[in-house]
Structures are given as C-alpha cells and as structure tokens.
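J.: Read top to bottom, the protein sequences are chains A and B. Residue numbers for the first sequence follow the numbering used here, so the first one is 1 and each next one is one higher. Residue numbers for the second sequence follow the numbering used here, so the first one is 1 and each next one is one higher.
Misleading hints may appear alongside valid ones.
[Unchecked claim] Okay, the calculated beta carbon distance ranges per label pair:
(1) B:L58 / A:L61: 26 to 36 Å
(2) B:L251 / A:S9: 34 to 44 Å
(3) B:D142 / A:G11: 53 to 63 Å
(4) A:G60 / B:R66: 22 to 32 Å
(5) B:A260 / A:D69: 29 to 39 Å
(6) A:E17 / B:D74: 20 to 30 Å
(7) B:N80 / A:G60: 43 to 53 Å
[Unchecked claim] Where chain A lies over chain B, by a calculated footprint (3+ residues, C-beta under 8 Å):
(8) 196-202
(9) 283-296
Note that these hints are calculated values from the structure, not bench results. Keep in mind that this is a model prediction, so the values were computed, not measured. Beta carbons are placed, not taken as given, at the ideal position from N, Cα and C, and that holds for glycine.
Here are the chains, one letter per residue:
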Amino acid sequence: MATVVFIESDGTRRCVEVAAGDSVMNAAVNNGVPGIIGECGGHAMCATCHVFVPETAGGGLPAMSSDEDVMLDLAEHERRATSRLGCQIRMGDDLQHIEVEVP
Amino acid sequence: MPPQNVVVIGAGTGGVESAFALRSHGFDGKIILLERQMAVPYQRPPLSKEFLFSTDPLPAPLRAPRLFREHDIDLRLGANVSCIDRRARVVHTDHEVIEYDALVLALGASPRTLAHAQGSDTPLHTLGTLEGAARVRTALDDAHRVAIIGAGFIGLELAAAATELGVDAVVVDGSPRALARSVSTTMAIELVSRLEADGVQFHFGQPITDVTSTGTGMRIHTPDLTVDADFGVLCIGVEPAVRLALEAGLLASNGITVDASMQTSDPAIWAVGDMACMPFEGRQVRFESVPAAIASAQAAARAILGLPPQGQFLPWFWSVQGKSRLQIAGLRDPNDIEIPVSGPNGELAVQLQASVSASPSAIETLDWPRKHVLARRTLANRITVPSQV
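Chain A extracted, bound-state conformation:
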C-alpha cells in the first residue's frame, strides 16, 4: 500500500493509504480531504484536484504533460512552481510515498 500525506492550508496533516494505481486525487476524494474535488474524474480536464508538491516530496514523480501544464493555468488557486494536478500523480511501485499541500 502506498501512502499520501495531505497538508491542509491550516497545517492539519492527514496520512492516507492508497492502492497501487490510484492517484493523489482518488486518495483525496476517497478520504474526504477538503478542497480537492475530481470534477472531471481524473481526465486532466478541470484542475479541481490542484495540489502543491514540495521539492522534498520524494522521487518517482511522473513528468508533467503539456495538457497538465495548460490545465493548471485554470486552477482556482494561483499556480506555483510546485503545482501539479493530483489526478496525474499515480501511486505505485515507482511512487510509494508523497506529501502534498492542499491549496
């Protein structure tokens, strides 16, 4: 089982278990992490799963596609250098653990 730690804007930390193949967005929606919706079901069409991934988060992060890059410009919260779409980060063998900040 992989794990994701969500750090909410008020500092609350929440660690959740994620099945291999599920995304950070799935983990958030399944665990009721506030502020992360998955309006388009993980197709990189809506940017409602916007998270910040600090550089220290860990290796194994998939490269950002150009679609993801463009959709992040639509996110409700202002984009940062650390912005990613949660639905594009899948947990599994390459990525066992990650910490992300929720806008």
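Assemble chain B onto chain A, guided by the hints.
T.: Using the frame of chain A, we list chain B on its own:
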C-alpha cells in the same frame, strides 16, 4: 425558519453534492439521502469510458462510503420513493414515510428505450446505470461486432472504447450527422473522421425501423440497410425522471422547471442535476453534465439555507473518445454560426456565435487545452476571443 430535515432523492452527482454542500455550508440538521440502487454512489462518466476497460465491479465512487457516516448523511440504499405528498411534506418509500422540511429532487435522467425492442430477448442494452454498463462490458468481451444506435456523446465514446477492445463498431443514426444536438458540424465531422480512421463504421440518415433477434445476435433495420451484430447498445439520449414530480403536481417541461436557485414551483422543493430545467441567459435549459450537476447542487444547498447565491455558472463539458479530447466552454444556441479556428500545431477549435461580430456563446476545442482554458476565461469575462492564441 431554517429547515431541520432535508430529504434528497437520488444519490448521483446532483444528490450527493447537494448533501455534502449542505454540510459544508454549516447545516447541522438531518439529511436523508435516498437511493433506489443498491450500489455505493458512483460516478457516471466512466461508464462509457474507463469502466469498460476495467474489471472493477464499480466505477469511481462519488465519495468513500464512510464519508456519509462521518458527515452524518443518512444514506439509504435500495430505497425506492413511490410518492411525494407535498401537502403533508412527506415522501413515501416502499417501507416508510419520511418527513421533510426541504426536499431535493436529484433523480437524474434515464436512457430512452425503443418501444418495440422492450421486454424481448434481443441483446439490446443501454449504458445509463452500473447494471447496464456492466452488461455492455460483459458483452464486449465475447463480441466481434457491436451495433451502436445513436451518434451522440455516449455512442461515440462507446464506439471508441469498443474499437480499443478489438470489437468492430457500427454506428447508426437517423440524423444527417453525429452530435446533432450538442456540437458544431465542423467538430462533429472531425470527430467522426478520426473514429472512421480507427475502423468505426457510420451510417447517417438511417433511422431505426426495427430491431430483431437473429438467434446469434441482433439485426438493426433502417430504410436502406440492415446491420447484424452480436449485440446492440441504444445511445439515443435520456429522459429526465419526472414522473414522481409530475404526479406531485410540480411544474415540469423538459425536466423540472426551477428558478436560478433551483427552487421548483413548490417553495419547499428543489431540483438539481440532469432533471432540472434552469434559467440560463434568458432561456430555460436542462444540462446533462457533471459541472452543471455540481453547480446546481451548490446553488440549491445555499438557497435551502437562505444564503445568497454565489457566482455565475459557466457551463462546460468534456468528452473523451479514444485519444480525442473534446472540451466545450459555454453553451451554444442552435442558431449560432460556426467559425473554425486552427491552432499552431493543427489543433481545431470552433467558435459558436450569433453572428460574425457577436461574442462567442461557446467554444469547442479538440486536443487543445490551452485554447479551452482561454475560452473559459473569456466567456467568464464576456470579451471577444482573439483569433490568434
């Protein structure tokens, strides 16, 4: 006097979002969420896409089941509502009578069926529910060929999925082209030609005259041809599930008529999602989209709690057909003219607008997310989209 007891009928996107929106806006009264199906509330868009490729019994859930308990939302599966008694402010299910101060109707819309094919043993399915989609998924496993009746979004997504699974797809539609209700001719032609390049066959201008069983499968009859296939799927649109509402005396025309706050002709009843016909830019519109379901649920929750409305809804929509990613910002008027726009890498967008000098009502983009993002901003600000990106 704020409500203490809210009942929501239907645990699809509209119903689930309504319940959770009430909580997130501070409502601490009772919320009962009634759902006719036994399955844990699930998302529907995957039923014509990734669900067909997976072996999971369910598509992605709308929320993890325990969240209903954690937010004190009394989710009752297998609860079939038989009657709404507006005078007594109760709803009747097969087993009980439930009081409400405020009632949210989120029954959605059901796939249209063909009268003469109903109840027969002809292998003709629909995709609207988990049950239907699971049957289609099983049928795709063994099939060589599927006949798809209707070239709308569901029909095209299914054709793409079938093709990827190695099943021949034949699409038949009485209209002269695909996506006649919802997308420009320019865009529809491009989407169809991509599917044809992958091997999908299309027959337009061929309304169904009969569907018969052939023993090994089924046969579609149209004025000019017959199509044999192992099974068929009806993708001819949906009807809003208004029977209960009509029986209760609510105003309904193309879905339940609501105002900008989703309130129906009864001040204690709201309607959201695919069944609601809401005001939009001077006309009443019934949306069939997840973004509209979510926005309407938020609006209803706020209105129930007496909160002021928040923001203006900008409709948007997406469809994934194989590798083709279509996005639509705004809502076109059927009389709009089409202005195609090409991107620097050959991408396609189509602006729909009342006249050459008018602002776009809607902008369709194909594999061009940057243009879609700009379109959403533009439409939100109501300025003309520049012709060069």
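J.: Against this structure, judge whether each hint is valid.
T.: Comparing the hints with the structure gives:
no.: 1; hint: B:L58 / A:L61: 26 to 36 Å; result: holds (29 Å)
no.: 2; hint: B:L251 / A:S9: 34 to 44 Å; result: holds (43 Å)
no.: 3; hint: B:D142 / A:G11: 53 to 63 Å; result: holds (54 Å)
no.: 4; hint: A:G60 / B:R66: 22 to 32 Å; result: holds (29 Å)
no.: 5; hint: B:A260 / A:D69: 29 to 39 Å; result: holds (36 Å)
no.: 6; hint: A:E17 / B:D74: 20 to 30 Å; result: holds (27 Å)
no.: 7; hint: B:N80 / A:G60: 43 to 53 Å; result: holds (47 Å)
no.: 8; hint: 196-202; result: violated (count 0)
no.: 9; hint: 283-296; result: holds (count 3)
Hint compliance for this structure: hint 8 is the single one not met.
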